[in-house]
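Asks: Residue-level listing of the chains:
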Amino acid sequence: MTEELGSVVDARPRQGGRRLPLAWLGAVPFLAYVSIFLLLPTAIVVIGAFAGPNGPTLSNLNTLTQDYVVASFVKSIELSAASSAVGAVFGSLLAYAIVTGKPDATMRRLVTSACGVLAQFGGVTLAFAFIATVGGEGLITVFFADRGIDIGSSVWLFELPGLTLVYSYFQIPLMVLVFLPALDGIRPQWREATETLGGNGWHYWRHVAAPILWPAFLGATLLLFANAFSAYATVAALVSQGGIIVPLQIANSIQSEVGAANENVGKALALGMVVIVAIVMTLYVVLQRKSAKWQR
Amino acid sequence: MAAIEAAALGYPSTSPTRGSGPIHRRRRRLTLFRVIVFVVMGTFFLVPILAMFEFTTRGTGLGAARTLTAWRQIFDYPDLIDAIVVSLELAAITSIAGLLLLVPTMIWVRLRLPRLTRVIEFLCLLPLTVPAIVLVVGLAPVYAWVTYFFGSSTLTLAFAYVVLVLPYTYRVLDSGLSAIDVRTLAEAARSLGAGWGTVMWRIIAPNMRSALLNAALLSVALVLGEFTIASLLSFQNLQVAINFLGRANAGVSISVALASLFFAFVLLLALSFVGRRRPAPVQEEE
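Residue numbers (our numbering), protein chains in the order written: chain P, 1 to 296; chain C, 297 to 582.
Treat the hints with care, as some may be off.
What the hints assert, rightly or not - Just a sample of chain C residues kept apart from chain P, beta carbon distances all over 12 Å, derived:
1. Phe340
2. Ala361
3. Ile370
4. Pro374
5. Asp375
6. Ile403
7. Thr443
8. Ser449
9. Ile476
Stated by the list, open to error - Negatives, chain P to chain C, calculated, CB over 12 Å:
10. Asn54
11. Ala71
12. Leu94
13. Cys115
14. Gly123
15. Lys290
What the hints assert, rightly or not - If you want a taste of the chain P side facing chain C, the calculated C-beta under 10 Å gives, among others:
16. Val34
17. Thr57
18. Leu58
19. Asn62
20. Met107
21. Val111
22. Thr125
23. Gly138
24. Ile140
25. Phe144
26. Thr194
27. Leu197
28. Thr234
Quick caveat, the hints were computed from the structure, so don't treat them as lab data. Since we're looking at a predicted model, the values are computed, not measured. Ideal placement from N, C-alpha and C gives every residue a C-beta, glycine not left out.
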């Protein structure tokens, strides 16, 4: 007990380095858990991408150059880019509308809570929501059909424009959540300072607000891109057959019982996804650091 | 508050009582902008939800009256009820297990192993870079072992879900821990003879109650919406059941989907009230 008192919460070793190894034990449960359920699966994917029936091989990666795989990557990137652009623009407008209200207003609490749910609640529910809205028997489809107008959603809903619309439903709320702190960091004093120096609204946005918000805006857009790129559940629930985007291709390769070689092809696809997401997320972190200095 | 300060200092106030100067005009333009944004966005987000509700109240056949049959039929599908129960259980297990795993580790690292901070942060944020669809590819072999040791219960999904919620739990807990002086609290408790368990459970945890609740509720919302991992590891959770039932009886499955969406919204709304910071009470003691 007296020994303990001497080194209450001290990380430095007191008795010949014996305290340090003991302190490390405290992190063991977490590290062990993460090793088994996060690092091991990731390693299985990466190693599997290079594993063949007769030892290491690059042939799995060759599938990444096949036409249908390239097409699905292109489609994934198109969808992610389109939905993150739409999400970024409308999300930042909504965030600005929130931030110009009173900080403790009911509106703000309501909108941010709704955004918290909608940003997470993609997937099956979202697919159903749009089927119930613009699907064959959907509310809007029926509304226009009664007036003799065919909105033609059976054509575009499962293609790029429709999927972009569906994805906006979780991309816009995510943008609000990510961009709001950056907007909160903008001080009204800066605007007053601009005006004191004779600047108008345009000058303020062009020379003060935009340069400060730009990294945060770009970073948030990249996060949205990664988010859309990783999404599987929504399209899986909307489109029952085929592999129009990479996650669906991966799911197909897991579910089909063709054989071990096919399984490793799935891992190669998965590796391709991780590489793209990792690049995007690294850029995001860099931009976040840049914008963090204006946020307190 | 800021407006009062600005007025007192002679700055142009933003209050609408100032007449029709340029400030006032800007204020009016801003209000117009806000109204337009809220109306447009509100329409975009509410119409699909209304459409879901409308869909669930449709009667069968042309011109049939509105009915709540779909909502009543929820209880006719025992598989669906099982899936709802198991998802709620998973949500509870995941949020508690996630906290039990992360809270002591993060406190310990802050106090005793500061050099591990970056490692822990990296590991916790890693699931953002490894999408669930990728994780599930590597998890399949791991789950062969999980099934071997723990059986094939759907509840074993909690192992994977704790990983999924790590980034969100970490961020919330990190800001919660930064708001209190962990080191001083721990030193004070330790010098009064408290063990590490007491320090964490009775000293630090009560001081970050809202962060703990925040993290737990976020986990609940995430688990209730999870589809990818459950579906590809062939487990029946809420979303998988809804998706499956959607082909047979769309009305019932949309009702459940809507109910779970609403449930998550109420949870997060409650959270926004709890999360508000109260001014610290001034305590005078000798």
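Asks: Against this structure, judge whether each hint is valid.
Replies: Comparing the hints with the structure gives:
1. Phe340: 8 Å, violated
2. Ala361: 16 Å, holds
3. Ile370: 15 Å, holds
4. Pro374: 20 Å, holds
5. Asp375: 15 Å, holds
6. Ile403: At roughly 9 Å from the nearest Cβ of chain P, Ile403/C sits no farther out than 12 Å, so the non-interface label is violated.
7. Thr443: With a cut-off of 12 Å, Thr443/C remains clear of chain P, as the shortest Cβ separation is near 14 Å.
8. Ser449: 16 Å, holds
9. Ile476: Non-interface label on Ile476/C holds, nearest chain P Cβ at 14 Å vs cutoff 12 Å.
10. Asn54: At roughly 20 Å from the nearest Cβ of chain C, Asn54/P sits farther out than 12 Å, so the non-interface label holds.
11. Ala71: Ala71/P is indeed farther than 12 Å from all Cβ atoms of chain C, at 18 Å.
12. Leu94: The claim breaks: Leu94/P does not keep its Cβ more than 12 Å from every Cβ of chain C (closest is about 5 Å).
13. Cys115: 9 Å, violated
14. Gly123: 5 Å, violated
15. Lys290: Consistent with the label, Lys290/P stays out of reach of chain C, its closest Cβ about 18 Å off (over 12 Å).
16. Val34: Interface hint status for Val34/P: holds (5 Å vs cutoff 10 Å).
17. Thr57: 18 Å, violated
18. Leu58: Interface hint status for Leu58/P: violated (19 Å vs cutoff 10 Å).
19. Asn62: Status violated, d = 18 Å.
20. Met107: Interface hint status for Met107/P: holds (8 Å vs cutoff 10 Å).
21. Val111: Where the cut-off is 10 Å and the nearest Cβ of chain C is about 8 Å from Val111/P, the hint holds.
22. Thr125: With a closest approach of 4 Å, the Thr125/P hint holds.
23. Gly138: 6 Å, holds
24. Ile140: 7 Å, holds
25. Phe144: 13 Å, violated
26. Thr194: With a minimum Cβ separation of about 13 Å from chain C (threshold 10 Å), the hint on Thr194/P is violated.
27. Leu197: 14 Å, violated
28. Thr234: 9 Å, holds
In this structure, the hints that do not hold are numbers 1, 6, 12, 13, 14, 17, 18, 19, 25, 26 and 27, in rising order.
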